[in-house]
Amino acid sequence: AQSVTQPDIHITVSEGASLELRCNYSYGATPYLFWYVQSPGQGLQLLLKYFSGDTLVQGIKGFEAEFKRSQSSFNLRKPSVHWSDAAEYFCAVGTRQGNLIFGKGTKLSVKP
Amino acid sequence: DAGITQSPRYKITETGRQVTLMCHQTWSHSYMFWYRQDLGHGLRLIYYSAAADITDKGEVPDGYVVSRSKTENFPLTLESATRSQTSVYFCASKGREGTEAFFGQGTRLTVV
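Taken in sequence, the protein lines are chains V and S.
Numbering-wise, the first sequence is residues 1 to 112 according to the numbering used here.
Numbering-wise, the second sequence is residues 1 to 112 according to the numbering used here.
Keep in mind that the hints are not guaranteed to be accurate.
With the C-beta cut set under 8 Å, the calculated list includes, among others, these residues of chain V facing chain S [said to hold, decoys possible]:
| hint | residue |
| --- | --- |
| 1 | G43 |
| 2 | L44 |
| 3 | F51 |
| 4 | L100 |
| 5 | K104 |
A few chain S residues that don't get close to chain V, going by computed Cβ distances all over 12 Å [to be verified]:
| hint | residue |
| --- | --- |
| 6 | I12 |
| 7 | G16 |
| 8 | R17 |
| 9 | G40 |
| 10 | H41 |
| 11 | G63 |
| 12 | Y64 |
| 13 | N73 |
| 14 | E79 |
| 15 | T99 |
| 16 | E100 |
Everything labelled a hint here was simulated from the structure, so no lab data went into it.
Glycine included, C-beta positions come from ideal geometry on N, C-alpha and C.
With the sequences and hints as input, model every part of the structure.
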């Protein structure tokens with residue numbers, strides 16, 4: 001069955017520190033992969049996406065993610081976290097039927 | 001304004017009542033989706049539609065009805081609301097297969 005796992009429910013990092021949010025997926029074909037961010041009380045905003053080609057993709061707000069087929073992973077990274085990055089982050093896989101399957105999310109807190 | 005809009009933003013209803021959540025997009029996107037977001041569950045797909053007059057069940061369709069007579073509208077109806085349907089509901093749309101989805105701001109529904 002298709003699924004997305006985000007192993008970390010809540011992560012706290014210090015401002016200026018690096019960040020890595022983990023995402024593993026289960027999908028039979030080459031996946032379309034996405035990372036979305038949700039600020040409190042808001043909808044979801046796309047950070048970045050992977051469809052094909054270069055396995056390291058750049059997104060908005062200084063985020064990047066690397067697709068590793070051998071590990072079925074699509075981890076999100078940022079070299080230096082800002083206080084405004086505090087939010088909830090969702091990894092998603094796009095299926096051939098056209099829908100999106102989301103992980104349960106990782107809440108990021110940023111310490112000053 | 002271009003985009004995807006949901007209405008109402010907030011709704012309180014009583015158990016057993018019928019309630020309809022509206023979703024409208026201006027891009028003429030083929031695909032539209034309804035998700036519910038609950039603490040600890042992330043976003044779960046209720047129904048989706050690949051085109052006008054085509055709808056499919058998602059992960060949690062029970063108790064919900066959808067229709068899509070026009071490409072731009074995708075209303076979600078709770079025929080007889082239950083407390084377990086208290087949630088935040090997100091509508092999304094996307095173009096062809098493999099593209100990213102755009103989300104509305106959400107509707108917070110409380111069933112008392």
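Unmet hints by their number, sorted upward, for this structure: 9, 10, 15, 16
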